[in-house]
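Generate the whole structure from the sequences, applying the supplied hints.
Residues per chain are reported as follows:
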Amino acid sequence: GENVEQHPSTLSVQEGDSAVIKCTYSDSASNYFPWYKQELGKRPQLIIDIRSNVGEKKDQRIAVTLNKTAKHFSLHITETQPEDSAVYFCAASAGGGADGLTFGKGTHLIIQP
Amino acid sequence: DAGITQSPRHKVTETGTPVTLRCHQTENHRYMYWYRQDPGHGLRLIHYSYGVKDTDKGEVSDGYSVSRSKTEDFLLTLESATSSQTSVYFCAISEDDIGQGEQFFGPGTRLTVL
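Note that the protein sequences, when read in sequence, are chains C and L.
Under this note's numbering, the residue at position 62 of the first sequence is numbered 62, and the numbers go up by one with no gaps.
Under this note's numbering, the residue at position 74 of the second sequence is numbered 1074, and the numbers go up by one with no gaps.
Hints in this document: simulated from the structure, not taken from any laboratory.
A hint or two may mislead.
[Claimed, not checked] Label-pair restraints from in silico Cβ distances:
1) C:His72 with L:Glu1014: 18 to 28 Å
2) C:Leu46 with L:Asp1054: 17 to 27 Å
3) L:Thr1013 with C:His7: 35 to 45 Å
4) L:Glu1014 with C:Ser26: 31 to 41 Å
[As the list claims (entries may be wrong)] Derived BS3-like pairs (lysine-lysine); straight-line CA-CA distance at most 30 Å:
5) L:Lys1011 with C:Lys42
6) L:Lys1057 with C:Lys42
7) C:Lys105 with L:Lys1011
8) C:Lys71 with C:Lys58
9) C:Lys71 with L:Lys1070
10) C:Lys42 with C:Lys22
11) L:Lys1011 with C:Lys71
What you are looking at is a predicted structure, and each value in this text was computed from that prediction instead of being measured.
The C-beta atom is built at its ideal place from N, Cα and C for all residues, glycine as well.
Written as structure tokens, this is what we have:
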């Protein structure tokens, strides 16, 4: 089955700086890659996703890049703000998400004032 | 948030007792999922459903069963709860029309098995 590795497990950045979280996946058939943000005690919330026919996608301060050849994808957050502090999860699916997602173990992003 | 509710939100039970968690949606989405979340493991898929009475196993299905008799409800049953099933359980839904696939999560159920 699919295996998703996520790094780093903890990332501390100064407010205003950029943050990058990286994930690799094992199943070359995977075609859907969402990113979720989870605040303490809350549900995971989708922040951005990308499909295998696209190399990059942006939404204001966040962007995701996908390298299918290397089987890795990354989340980029620019101009970080205190409200960006949370745990971020990457995920992958070979069925466009229909047959469930395989998640990475998460990255705790800490924004230092 | 999408119209997803989970019940109960918190439950404490004893080893060996049966437990049923309920997920209810008002979005009329076709796909429903059960995940568990444990420290150091992220979220792991237990079972999912792609329609009424249509279900399939996920990565960590041992010790769990599911049922979906109506579009809006997806039940997760622990036949005989064990301490290793102490976790936070999230339900998710997806419309999964062609080109879609986004999953939206419910508020979660915190289950403690003593």
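To see whether the hints hold, each was checked on the structure:
1. C:His72 with L:Glu1014: 18 to 28 Å: Hint violated: Cβ distance 44 Å, outside 18 to 28 Å.
2. C:Leu46 with L:Asp1054: 17 to 27 Å: holds, 24 Å
3. L:Thr1013 with C:His7: 35 to 45 Å: holds, 36 Å
4. L:Glu1014 with C:Ser26: 31 to 41 Å: Holds, since Glu1014 of chain L and Ser26 of chain C (Cβ atoms, about 39 Å apart) stay within the stated range.
5. L:Lys1011 with C:Lys42: holds, 17 Å
6. L:Lys1057 with C:Lys42: Given pair Lys1057 of chain L, Lys42 of chain C holds - Cα atoms ~26 Å apart, limit 30 Å.
7. C:Lys105 with L:Lys1011: holds, 25 Å
8. C:Lys71 with C:Lys58: holds, 19 Å
9. C:Lys71 with L:Lys1070: violated, 38 Å
10. C:Lys42 with C:Lys22: Roughly 23 Å between the alpha carbons, so the hint for Lys42 of chain C and Lys22 of chain C holds.
11. L:Lys1011 with C:Lys71: violated, 40 Å
Going down the numbered hints, you'll see the structure goes against 1, 9 and 11, while the others check out.
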